[in-house]
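**Student:** Here is how the chains run, residue by residue.
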Amino acid sequence: MSGWQRLLLGLAGALLFLASFALLFTFLSTAAVEQGQIVQHLSETRAALERGNAAMEEAIARESAIPRLQERARSMGFVPGGEHPGLPLSLPVTLPPENAGP
Amino acid sequence: MKENLSTLRLHPVAFPPALFLGLVVIRLIYLTFYAPGEPLGVQSLELRLEAQRGRILDRHGAVLAMDAPRYQVVLEYPPIAYGGDPTRRAKWLQQVDEVLNPLLGLSAQEAARGWPDTWWQFPLVRGIPEDLARAVSRRIEETGLRGVRVMPYWKRVYPEGPLLSPVVGFVFFGPDGRGLEGRRGAAGVEKAYDELLRGRPVILRVPVDAEGRPLPVKEEALAQPEPGGEVVLTIDRTIQAIVAEELARGLQESGAQRGDAVVLRPRTGEILAMVSLPAFDPNSPETLDRDARNPVVQDLYEPGSVFKILTMAAALEAGVIRPEDRYLDQGCVEFGGAPICNWDRDRYPGGRGWLDMTELLIYSRNVGAAYLARLLGPERFYAALHAFGIGEPTDVDLPYEAVMRVRAYGDPDWREADLGRQSFGQAVSVTPLQMAVAVSAVANEGLIMRPFVVQEIRTAEGVRRTEPRIRRRAISARTAQMLREMLAAVIEREAVKARVPGYRMAGKTGTAQIPTPLGYDPRDTIASFVGFGPVEDPQVLILVKLDRPRRSPWGSEEAAPVFARIATRILPLLGIPPSSSGP
Chain D
1 MSGWQRLLLG
11 LAGALLFLAS
21 FALLFTFLST
31 AAVEQGQIVQ
41 HLSETRAALE
51 RGNAAMEEAI
61 ARESAIPRLQ
71 ERARSMGFVP
81 GGEHPGLPLS
91 LPVTLPPENA
101 GP
Chain C
1 MKENLSTLRL
11 HPVAFPPALF
21 LGLVVIRLIY
31 LTFYAPGEPL
41 GVQSLELRLE
51 AQRGRILDRH
61 GAVLAMDAPR
71 YQVVLEYPPI
81 AYGGDPTRRA
91 KWLQQVDEVL
101 NPLLGLSAQE
111 AARGWPDTWW
121 QFPLVRGIPE
131 DLARAVSRRI
141 EETGLRGVRV
151 MPYWKRVYPE
161 GPLLSPVVGF
171 VFFGPDGRGL
181 EGRRGAAGVE
191 KAYDELLRGR
201 PVILRVPVDA
211 EGRPLPVKEE
221 ALAQPEPGGE
231 VVLTIDRTIQ
241 AIVAEELARG
251 LQESGAQRGD
261 AVVLRPRTGE
271 ILAMVSLPAF
281 DPNSPETLDR
291 DARNPVVQDL
301 YEPGSVFKIL
311 TMAAALEAGV
321 IRPEDRYLDQ
331 GCVEFGGAPI
341 CNWDRDRYPG
351 GRGWLDMTEL
361 LIYSRNVGAA
371 YLARLLGPER
381 FYAALHAFGI
391 GEPTDVDLPY
401 EAVMRVRAYG
411 DPDWREADLG
421 RQSFGQAVSV
431 TPLQMAVAVS
441 AVANEGLIMR
451 PFVVQEIRTA
461 EGVRRTEPRI
471 RRRAISARTA
481 QMLREMLAAV
491 IEREAVKARV
501 PGYRMAGKTG
511 TAQIPTPLGY
521 DPRDTIASFV
531 GFGPVEDPQV
541 LILVKLDRPR
551 RSPWGSEEAA
561 PVFARIATRI
571 LPLLGIPPSS
581 SGP
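Chains as they are written, first to last, in the numbering used here: chain D, 1 to 102; chain C, 1 to 583.
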């Protein structure tokens, strides 16, 4: 084997090594990007869940806010108790027979 | 050997790719070593991911302020994708309209007229509901429309509306008006605890694809903002609602322009309610004008006769009088060259004759207060005011507390007549909170506590509770006890409209004239009442103030009933048992 041939063989070997390295690098980079996308997707899902949770909290807070409670109480027929501090109640209470339990 | 060399000669066909590769390498070397910032300018994006702002809760955990998700449709026109060609841009906007107009009912072409050249993103519409946001996203996906994105964002909401607005405050966008610098607390607790509530946003410089979408190739692209901490208030929203309701009724019945009320625990300084009416709605930023403030902390007024409590306390503490001591009440006296008259001088031109110290308070004698000031002398009088914290901030954990210097003995602008007027609450200005805190010393064995509205802070690091803190002793426990009995007599014998069924309360009326640049307003007054109870174990203090009532100018007529109604409703709610010797 002549000197040139040995040189060419060496160069081919080096190119093969570089190509394998580049392939490995590409493979790992792709895997990293894929993993990154998965993590990003999970983090987006978490953010969406947090938004959903906050939206539910908001709905609960709005429904249990005092102006809303007062409005609902009025719609159910309740009246402000400021002028009526107490209602007369005599004890013991006797239930009519049809409402009595077994 | 010559033949071998000829096979290695560069073929002319390979020259152009080799040249191209060479140019790429040169460009890479240039970008890497000589212009590291340049590629980021065109191929990366600065993203601000806003943190969810922390909630503000009342003492029982009810939500008073929170961040809720909203959605916006954003137009994106990155130069890297489209270049600066206006024809292409117009065509693209037309496409956007064709796709989204049926859903959103607005024109992107018209909206984009206000789109500054320097922005490559522009919000087309904000605040759309989640279902519409989903429909828009689907439509964009189906049509393959480019340059339009549906993005979530956080909006501050206040479920209780105006009920707590002066205390809780509100947030606004930074100076750029678009939120690029994030939202900031502008008033109330939102302002005072802004740093804690704000959390930590994430600012990313990430590479983007040709559409301007961030590429998940860098670890930092996965960073998430850190939500803000939570603030739990001492405010009880039920008590707040009761106070607001009764104050509103007081305004309506008296015809007063506006009013304030504050409820606090004198033993600890906890503020249970702080109401000002009319109040602004923090959910409508467009209505936030100069009234978006907290008058209980920020507005000064001359307190009038409620100030006699402090003058009497000073005199008792100094030992210059005892409760049973008497003085001769006259209709008017001269003090430092200025006349001082009683409020009822028309009815009692010569005064009420010999009165003891309790009667001085019961009948609210200006002449009597001036008599006490004369006995005390200026040095002891102003030392007492200082001890009660008059003329200095209360150190409440709310922003923008107003303070007015007391014109005192030794000041170049002080006159002897000032002493006489200040003894009954003129020529001295306080906020409603400062007045309430000063009187709370009488209810708390002479000790002044630091008032506070935040009882707990919750962060990722843990929970921190606010401990009650004594600011100073204003008077002795014995003086406080004597004064409590005297103030209880005020309600029992004169200010009958302040009586609370089942409870023995103590308090004092106030009817203050309103200073104007031309002297005191001849017609309008500020009617107020400050009281606490039960006398045997004071657990709650209430101050009510009505500005310019129309029906009657007197605190005993207008403010006292509001005090009584508030106390009647909140004392049982706080689990305070009725007094054994109550009326």
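Hints in this document: simulated from the structure, not taken from any laboratory.
Errors might be hidden in some of the hints.
Claimed, not checked - Cross-link-like lysine to aspartate or glutamate pairs, in silico, EDC-like; alpha carbons within 20 Å at most:
(1) C/K155 - D/E34
(2) C/K155 - D/E58
(3) C/K155 - D/E57
(4) C/K191 - C/D131
(5) C/K155 - D/E71
(6) C/K155 - D/E44
**Student:** Any of the earlier hints contradicted here, and which numbers?
**Tutor:** 1, 4, 5
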